[in-house]
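Student: Kindly produce the complete structure, drawing on both the sequences and the hints.
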Amino acid sequence: MKNYIDDLNKAFESRVRLGIMSLLMVHETVDFILVKEFMQLTDGNIASHVQTLEKLGYVEVTKQFIGKKPHTSYRATEAGRKAFKNHLEALENLIKQSSL
Amino acid sequence: MSDSQKSLETLQEIRLLMERSTRFLSLSGLSGVFIGIYALLATGYIGWRTNFQTDWLEQTIRTNQTHTIQFILLGTLFLSLLTGIWFTYKKAHRLTWDSPTRRLVFHLGIPLVTGGILCLIWQSQNYWSLILPSTLLFYGLALLNVSKYTWEDLQYMGLGMIAAGLLAFLWPNYALLCWGFGFGVLHILYGLSIYLKYEK
Chain A
1430 MKNYIDDLNK AFESRVRLGI MSLLMVHETV DFILVKEFMQ LTDGNIASHV
1480 QTLEKLGYVE VTKQFIGKKP HTSYRATEAG RKAFKNHLEA LENLIKQSSL
Chain B
3 MSDSQKSLET LQEIRLLMER STRFLSLSGL SGVFIGIYAL LATGYIGWRT
53 NFQTDWLEQT IRTNQTHTIQ FILLGTLFLS LLTGIWFTYK KAHRLTWDSP
103 TRRLVFHLGI PLVTGGILCL IWQSQNYWSL ILPSTLLFYG LALLNVSKYT
153 WEDLQYMGLG MIAAGLLAFL WPNYALLCWG FGFGVLHILY GLSIYLKYEK
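First to last, the sequence lines map onto chains A and B.
Add 1429 to the 1-based position in the first sequence for the numbering used here, that's all there is to it.
Add 2 to the 1-based position in the second sequence for the numbering used here, that's all there is to it.
Among the hints, a few may not be true.
Unchecked claim - Derived DSS-like pairs: lysine-lysine, alpha-carbon spacing no greater than 25 Å straight-line:
no.	chain 1	residue 1	chain 2	residue 2
1	B	Lys8	A	Lys1439
2	A	Lys1514	B	Lys199
3	A	Lys1497	B	Lys93
4	A	Lys1439	A	Lys1514
5	A	Lys1431	B	Lys93
6	B	Lys93	A	Lys1525
7	B	Lys8	A	Lys1511
8	B	Lys199	A	Lys1492
9	A	Lys1525	B	Lys92
10	A	Lys1439	B	Lys199
11	A	Lys1498	B	Lys93
12	A	Lys1497	B	Lys8
13	B	Lys202	A	Lys1497
14	B	Lys8	A	Lys1498
Just so you know, these hints were derived from the structure itself, not from any lab.
Tutor: The following block contains the structure:
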């Protein structure tokens, strides 16, 4: 029997990273405020988790100024989308395997 | 807890987050309450102009007041739109043309514009009695349609509007009353329930 647990992506073990990635899968770009609203996290917490995802090449961060306000938005990269899909598949396989 | 149970929970969590984030949830219940009040005021005013009689429509046509009433209805519509936008802005602290907003406008807009065009056609052919019931019916269908993309509770208000619209077609003499019930009472009830449920 194949062990699907090995297919799970360590990057998505954290609930926060999993959540951020879920948002990025359904939205082209996601504003920092939206992540904060939906995940109910502190600013620093979001930044550090996003940084991890950015280092892995899963997320692109855009920082710009709109007027005088800094505006940060995130976008999932192609690699990020693929990694997340594989992670979901692994989760599904784990469920299927146990219900056999 | 087994791995599969954990996986199932994780998947459900992801689904919920994706769904919640794509729905337009900045629609405030308070805007519903205000819109309902405008509609009741408009109904009261039209009723007063026609002496609260069931032949209000014949009276309106006989006394050449159709334009006044049209003006009041369009004014109510305009004020309601502004109120909806204003409360959305207050709740979300911003107005964005993002995908939930686009979906809301698109799925609400198409049935509404269709109904609006139909009302213009009724008007051009002097089918005055069909206009109020049509606004109820098409607004109800629009709400039912858009409820998939915002508060799900909106579908009950939609069904209520559709029922009020059909009754208004059935009893043209009571069309104004049905209109006041639909646009006035239902908006207030729905607005209050959303407000108490999600915003308090």
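Student: Are any of the numbered hints broken by this structure? If so, which, sorted upward?
Tutor: 2, 5, 6, 8, 9, 10, 12, 13, 14
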